[in-house]
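**Q** Chain by chain, the residues run as shown.
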Amino acid sequence: GDSVTQMEGPVTLSEEAFLTINCTYTATGYPSLFWYVQYPGEGLQLLLKATKADDKGSNKGFEATYRKETTSFHLEKGSVQVSDSAVYFCALRATGTASKLTFGTGTRLQVTL
Amino acid sequence: EAQVTQNPRYLITVTGKKLTVTCSQNMNHEYMSWYRQDPGLGLRQIYYSMNVEVTDKGDVPEGYKVSRKEKRNFPLILESPSPNQTSLYFCASSAPGQGVVEQFFGPGTRLTVL
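Protein sequences appear in the order of chains A and B. Going by our numbering, the first sequence opens with residue 1, and the numbers climb by one from there. Going by our numbering, the second sequence opens with residue 1, and the numbers climb by one from there.
Worth flagging that the hints you see were computed from the coordinates, not collected in a lab. One thing to keep in mind: the hints can contain errors.
[Stated by the list, open to error] Residues from chain A that face chain B, not an exhaustive set, calculated with beta carbons under 7 Å:
#1 F103
#2 G104
#3 G106
#4 T107
#5 L109
Every residue, glycine too, gets a C-beta built ideally from N, C-alpha and C.
For reference, chain B alone in the conformation it holds in the complex:
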């Protein structure tokens, strides 16, 4: 089954404790992206990657890091989480191309930073 998986689905942590949210896709997609979803703000892009070893900032990259060492994986790293990073996070992937390309989303990771 074609899918994007994220782990963990739920995480409660404390300020300053480094964490990683994993994302993996089995569709051989080149493009991957991280979004955060906040009430009243919709989804905002954090980082994206066009291919292995190619990453770039989205609209709200502060406080986050990513890496793309393998095509299928795109982990999101919070080196020193803060309460304002409490949010619902989504990973997405798509094949390259213009126009009609569909992005496939993971189930989401709900992060609470105390």
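Chain A on its own, in the form it takes in the complex:
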């Protein structure tokens, strides 16, 4: 079945450090890929998305590129801020599925001054 694997957290970084959160997936066909962010005490918010190979999703300084050859969708940001502290979820929507999202386990990011 479909699955998403994320790197284990927590990830602790100093402000202005470079961030990478790894995400790989298993799915048939050409899934759509998403990163969601969950700030403390809140629901999930869509951060960025990509729908086909080599697409790059970007938002708020975060980027992720849909790599079909490595089945990956790693999240990156060049300079993190304390306000980026949150849990980040990688997710996929498989081809032909009616809006169902399959999530990874989430990666907690803690940014310190």
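Since the structure of chain A is already known, use the hints to place chain B on it.
**A** This is chain B only, laid out in the frame that chain A set:
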């Protein structure tokens, strides 16, 4: 404001006492879904609904019921809650379509079953 609302936000109950968590969206979305979030497991889908009176099981439906009598509402029902249903629950909605459709999530309901 476009939003998904859930009530209650926090609930502590005892084993076997029936409860309902409500979910409502004001975006006229056809698709609605319930997830539970557990440490180390991410979010797992419980039930979903493609439209009024159309519901189907997700990955972890045991112990849960849903109904979709109106487009905007999608309540989650636990007929006889058990401690293993202690979790953080999220309702989500989206418009129909493939690919780029975004799901909008509610703020979550933290349920504790003693």
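**Q** Against this structure, judge whether each hint is valid.
**A** Hints versus structure:
1. F103: holds (4 Å)
2. G104: holds (5 Å)
3. G106: holds (5 Å)
4. T107: With Cβ-Cβ at 10 Å, over 7 Å, it is violated.
5. L109: violated (15 Å)
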